[in-house]
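> What follows is each chain in one-letter form.
There are 2 protein chains.
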Amino acid sequence: MSRTSEETMVPAAAPVKTRVRDRIFETASALFYRRGIRAVGVDTIACEAGTNKMSFYRSFASKDVLVAEYLGDQGRSYWDWWDTVVAPYEGKPRKQVEALFESCVTKTCAKDSRGCAIANATIEIPEEEHPGRKVLIEHKSESRRRLRKLARDMGARDPDVLGDALMLLLEGSYITRLTFSTGGPIIAAAKAAKTLMDAHLRR
Amino acid sequence: MSRTSEETMVPAAAPVKTRVRDRIFETASALFYRRGIRAVGVDTIACEAGTNKMSFYRSFASKDVLVAEYLGDQGRSYWDWWDTVVAPYEGKPRKQVEALFESCVTKTCAKDSRGCAIANATIEIPEEEHPGRKVLIEHKSESRRRLRKLARDMGARDPDVLGDALMLLLEGSYITRLTFSTGGPIIAAAKAAKTLMDAHLRR
DNA sequence: TATTGGTGTTACTAAACGGTAACACTCCCG
DNA sequence: CGGGAGTGTTACCGTTTAGTAACACCAATA
Chain A
-4 MSRTSEETMV PAAAPVKTRV RDRIFETASA LFYRRGIRAV GVDTIACEAG
46 TNKMSFYRSF ASKDVLVAEY LGDQGRSYWD WWDTVVAPYE GKPRKQVEAL
96 FESCVTKTCA KDSRGCAIAN ATIEIPEEEH PGRKVLIEHK SESRRRLRKL
146 ARDMGARDPD VLGDALMLLL EGSYITRLTF STGGPIIAAA KAAKTLMDAH
196 LRR
Chain B
-4 MSRTSEETMV PAAAPVKTRV RDRIFETASA LFYRRGIRAV GVDTIACEAG
46 TNKMSFYRSF ASKDVLVAEY LGDQGRSYWD WWDTVVAPYE GKPRKQVEAL
96 FESCVTKTCA KDSRGCAIAN ATIEIPEEEH PGRKVLIEHK SESRRRLRKL
146 ARDMGARDPD VLGDALMLLL EGSYITRLTF STGGPIIAAA KAAKTLMDAH
196 LRR
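Chains as they are written, first to last, in this note's numbering: chain A, -4 to 198; chain B, -4 to 198.
Keep in mind the hints are simulated off the structure, nothing from the lab.
One or more hints might be untrue.
It does not matter which identical chain is meant; a pair holds if it fits inside one copy or across any two.
As the list claims (entries may be wrong) - Restricting the straight-line Cα-Cα distance to at most 27 angstroms, the calculated cross-link-like pairs of lysine-lysine (DSS-like) are:
no.: 1; residue 1: K129; residue 2: K58
no.: 2; residue 1: K186; residue 2: K58
no.: 3; residue 1: K90; residue 2: K186
no.: 4; residue 1: K144; residue 2: K90
no.: 5; residue 1: K106; residue 2: K129
no.: 6; residue 1: K186; residue 2: K106
no.: 7; residue 1: K144; residue 2: K87
no.: 8; residue 1: K87; residue 2: K58
no.: 9; residue 1: K189; residue 2: K106
no.: 10; residue 1: K87; residue 2: K186
no.: 11; residue 1: K189; residue 2: K90
no.: 12; residue 1: K87; residue 2: K102
Input sequences plus hints: build the corresponding full structure.
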C-alpha cells in the first residue's frame, strides 16, 4: 500500500530493481521444486538468494506462509500454461484435451522436470492446518472441474467419468515422472486420453 | 542366523516375544505412512515404540537404512495383495486387471489410506544415493512389467501402451487420494480401465 | 539536511535432527 | 553359577531447524 505518494507522479517509476523479496521467492520456488519443500530450510533459501535469514523474515511471516505463496504462484503459472495451450482450439474441446496432453507430456519429460509441484506438495503436506493445504486442494479441484467441463463440452456420454479418468492419467503422468525420469509409462498418456475420448464419443 | 542352537530342539519355540526391533519397525512404518518419511524423526519413532534412540540404533544402522527396509516391506505387502486379488482369475488376465482395480479403489478409499507408500516416497526421496531409492525404482518397474504382461496376455493390440495406461490410472488413483480423500476422481478408475481394455481388445 | 524504509550483519534462542559412549540391569542358556 | 545377549538409561556430540533482537548502513525522499 505505501508504494509512492499519490500527488507526485514519478515518471521513471517501475524500476528494474531486483527486490530482495523477489529473489528469495524465486530461489525458494526453485529449491522447493527441485529438492522438496521439507528438505529445504529457511537458512538455505536466504543464503542461496544472496541474503540472510533476517531479510527472509522481513519479507515472509513464516516458512509455511512462503510455501503457501509458492503453491499459489505455481497454480497461477499452471493455468497460464493451460490457457495458452488451449487457446488455439477454442470451441473444440476434444482438440483442447489432446493439446493439453501432448504439451503436458513434453513439459513433464523435459530434463529438469520433477512433475507437478502441487501434486508433490500434496504428499509433503498432510497437515490439515498448513496454509498451503487449502491452496493445493483448490488447485486440484479446479483441475478436476475443468476436465469434467471439457468432457461435457465435447459431448461425452458420461462426462464426469471421462473427466475424472483424464485427471487420473494426468496425475499419474506427473508422479511416475519421479521414478522413470524419461521413457516411463507417461509415453502412453496422450494415446490413452485419445482412446478414452473415442470410447466416450462413439456413436 | 543365531536363532536357536540346532541340536537342542526347543518344543515351545516360536515365542510371542515382541522384539524391540519389530516394535520399532512397525511403529516407524505406521508413522512414515501417516505423516511422511521426512516428517518423522528417529527420536519420535523410538519413543512411540516405547523405547529409546539407543535401542533404535542397536537395531538399525541408520534412519536411511530403516527407510529402505520400510519400502522393501511395503513392496512385499503390495505383491502379496496383488497375488491374492489376482489368484481367483488365473488365466483370465482381463478379469485379473478388473479385480485389481476394484480392490485398489476399495483399499485406497478406506478411511486411513494415504495412497501408495512407495509412490509417496518417490516424492520425498529425490536423492539418487538414498538406499531407499533403488528399492522404490525396482518396485515401480515391477509394477509396470506386470501390467504390460497382463495386457499382453489378454491379447491387447498394443500391450505396452495399454499396460502403461493402466499404470497411469493406478498411480493417479493413489496420489489423488491425498487431495480428495473420498469421492475424488478415483471413482472413475475401474470404469476407465475397462474402457481402455475394451478399446484395445475390440475386433 | 533530516528522516525513513530497505537491507546487511552478528548474535542469539529453544528445540529437533541423526548418531554415539558408557554403564547398569535382567534373563536365558550352557 | 557364570556369561553373554538384549535392553533401558543418561548424557553427550555437532548440526540444523524456525524464528528474533539489536545495531549499522545506505539511498531516496521530503
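> So, for every hint listed, does it hold in this structure?
How the hints compare with the structure:
| no. | hint | in the structure |
| --- | --- | --- |
| 1 | K129 to K58 | within (16 angstroms within a copy, 31 angstroms between copies) |
| 2 | K186 to K58 | neither (41 angstroms within a copy, 41 angstroms between copies) |
| 3 | K90 to K186 | both (13 angstroms within a copy, 23 angstroms between copies) |
| 4 | K144 to K90 | within (14 angstroms within a copy, 31 angstroms between copies) |
| 5 | K106 to K129 | between (30 angstroms within a copy, 20 angstroms between copies) |
| 6 | K186 to K106 | within (22 angstroms within a copy, 34 angstroms between copies) |
| 7 | K144 to K87 | within (12 angstroms within a copy, 36 angstroms between copies) |
| 8 | K87 to K58 | neither (42 angstroms within a copy, 52 angstroms between copies) |
| 9 | K189 to K106 | within (26 angstroms within a copy, 33 angstroms between copies) |
| 10 | K87 to K186 | both (18 angstroms within a copy, 25 angstroms between copies) |
| 11 | K189 to K90 | both (10 angstroms within a copy, 23 angstroms between copies) |
| 12 | K87 to K102 | within (22 angstroms within a copy, 37 angstroms between copies) |
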